[in-house]
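Protein chains: 2
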Amino acid sequence: MFDFNYLNIVEAYKNIKNKVIKTPLISSEFINNLVGGKIYFKLENLQNTGSFKLRGASNKISKLTLDNKANGLVAYSSGNHAQAVAFASLQENISAKIIMPKNAPKIKIDNTQRYGAEVILYDPKTQIREEIGQDIAVTENRTLIKPYDDFDIIAGQGTAGYEIAEELNHLSIIPDIYLCCCGGGGLIAGTSTYLKYKFPKIESYAVEPYGFDDTKLSLENKKIISNKPSFESICDAIITPQPGNITFPLNLKALAGGIVVKDEEVKSTIKILAEHLKIIVEPGGAVAATAALTKKIDMKNKTVVVMISGGNIDLEMFANL
Amino acid sequence: MFDFNYLNIVEAYKNIKNKVIKTPLISSEFINNLVGGKIYFKLENLQNTGSFKLRGASNKISKLTLDNKANGLVAYSSGNHAQAVAFASLQENISAKIIMPKNAPKIKIDNTQRYGAEVILYDPKTQIREEIGQDIAVTENRTLIKPYDDFDIIAGQGTAGYEIAEELNHLSIIPDIYLCCCGGGGLIAGTSTYLKYKFPKIESYAVEPYGFDDTKLSLENKKIISNKPSFESICDAIITPQPGNITFPLNLKALAGGIVVKDEEVKSTIKILAEHLKIIVEPGGAVAATAALTKKIDMKNKTVVVMISGGNIDLEMFANL
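If you read the sequences in order, they're chains A and B.
Everything in the first sequence is counted per our numbering, starting at 1 for the first residue and increasing by one.
Everything in the second sequence is counted per our numbering, starting at 1 for the first residue and increasing by one.
One chain only, chain A, in its complex shape (with noise of 0.2 Å):
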């Protein structure tokens, strides 16, 4: 297997960081004396297009040549990778065809528009992505830029990572724990391997939604395991059916455990992150928060990293909490 280590999350934040939000860490005297310990949120809803999907993305088309991009890209994606590759697409003049599930949040499918890529909708009680993703990019000869799954993605992701090591190095900081949100482990493979090289005592715990703990199961049993179907969750943006073939060794090697949320602390999470921190998060960026908020592990006295992930909500469904 290909070695993936904290260089890879290097060199990819040589070749994206004038492409992307160097996004703040930021804490709440408020929610600090609420937890008991000390938590730093990584904003990465104020990056651009509202998600850290930018940053796998950014890297991902920087290594493309000239002839992928004038072939234009695919990808499927629930909503926030969808954004990401069209921004990124715009950004170089590439074509983009997004495929995205049909009850998608209208904000996503209306962002990946607006950024000028052709969305094609599917259903996914009766179609899978993965085959009409295959199927575009062999036709039309165009590069497929999967959601998780692949290392420049992964390290694009692990981005963040290497500004929240920068920024407590800065504070002279050295963090006991880190809550991150995992639906296919993107973003906690990156992440976590890029902390635990620079703080090797951290704990990294992969926060999932109630059913979707995939990850939590498949760590725990040291071997993929997929979720039972027919459950739901609000968390649209991490409720993928099992953890991706190259994340999970990597998740496995940085990892301490997976813990598991409800979609009702979610919501009320949600809302004490509006009220007290000013900020807007989708469901799916919310579960760290929520496994920190609802006191899933003991923090006391600990200081804390909490991933802020996206904030793509319907503003419709935000005024409904």
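By construction, these hints were calculated from the structure, which means they are not laboratory data.
Treat the hints with care, as some may be off.
The list treats identical chains as one, so a pair stands whether inside a single copy or across any two.
In silico SDA-like links for lysine to any residue, alpha-carbon gap of 25 Å or less [to be verified]:
{"no.": "1", "residue 1": "Lys19", "residue 2": "Lys300"}
{"no.": "2", "residue 1": "Lys19", "residue 2": "Phe30"}
{"no.": "3", "residue 1": "Lys106", "residue 2": "Phe30"}
{"no.": "4", "residue 1": "Lys38", "residue 2": "Asn93"}
{"no.": "5", "residue 1": "Lys69", "residue 2": "Glu29"}
{"no.": "6", "residue 1": "Lys17", "residue 2": "Lys146"}
{"no.": "7", "residue 1": "Lys19", "residue 2": "Gly37"}
Being a predicted model, the structure only gives us computed values, none of them experimental.
Place chain B on chain A using the hints.
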């Protein structure tokens, strides 16, 4: 007159840098495309207590004697200064009484009490807050912490400008324009003084709500002019009757002019900032962004710094927008 200048702000930053959050300076490609210039938003809504006011309050309190601190503080405020004084007092175990209008946003009253201050509500139609404050200060021997007309407060608020300049310097960027909300004028006096020192060609503008453009009128007439009564605005944080006696001469020296925005424009801006910056901004904190998004000034190919001064909006009102 006391010669207030950038050195007072440098000194204030030394006093408070460990007591406040170094808030981020963020841009959004989507918004840049919308206005045709490059905007950097200074996110003081992410400051502890949800607004920049913690800077001034912390600086003022850092200069009090032990006796002053033992006798306690009193302050009057529509809400953000209230929370800041309460929070800063709590950090140092100082007793605080805060005089607030009974129609202040609930979130501001609740948080002020949550930070341990005693809140005294008054009726702004029949009572004068300055008189109540003066009375308590004298009879209880408490130190009055004014909201803006005080050099230590102005220097404290100016530290937001210090951080902006540091970050722009780091990015090798020279800003052309600075847009900042203006109520009593403390924030804009402090920040524009520092920015003008660092970037002598910068043009700074005070942005005010329709009907409350006392600073704009006063700048045009080179003397303090009050607003006509009977106007109303949703921008509760900045509907002061006239410029401060101390802030106005500083603003007359540092500012290029004033800009007026309407409540309806502010509402649209709050929505755009939620959708594209993923942040929650209160009406008074959004007026500078409103001036930018409604293109009240030519920003074509310009670099513009926009102050987002606070985020303490009742979530119900936010949801209704």
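Homomeric proximity label, lysine 69 with glutamate 29: Cα distance no greater than 25 Å: between (47 Å within a copy, 22 Å between copies)
Homo-oligomer pair classification [lysine 300, lysine 19; C-alpha up to 25 Å]: between (38 Å within a copy, 22 Å between copies)
Same-copy or cross-copy closeness of lysine 106 to phenylalanine 30 [CA-CA at most 25 Å]: For lysine 106 and phenylalanine 30, the Cα distance is within 25 Å only across copies (17 Å; inside one copy 33 Å).
Alpha-carbon proximity context of lysine 19 and glycine 37, limit 25 Å: So lysine 19 and glycine 37 pass the 25 Å test across copies only (17 Å; inside, 34 Å).
Identical-chain pair category, lysine 19 with phenylalanine 30, by Cα at 25 Å: Close across copies (14 Å), not inside one copy (33 Å); limit 25 Å.
Identical-chain pair category, lysine 38 with asparagine 93, by Cα at 25 Å: Between copies only: 21 Å across chains, 43 Å inside a chain, cut-off 25 Å.
Within, between, both or neither: lysine 17, lysine 146 at alpha-carbon 25 Å: within (21 Å within a copy, 43 Å between copies)
In summary, the structure agrees with every hint in the numbered list given earlier.
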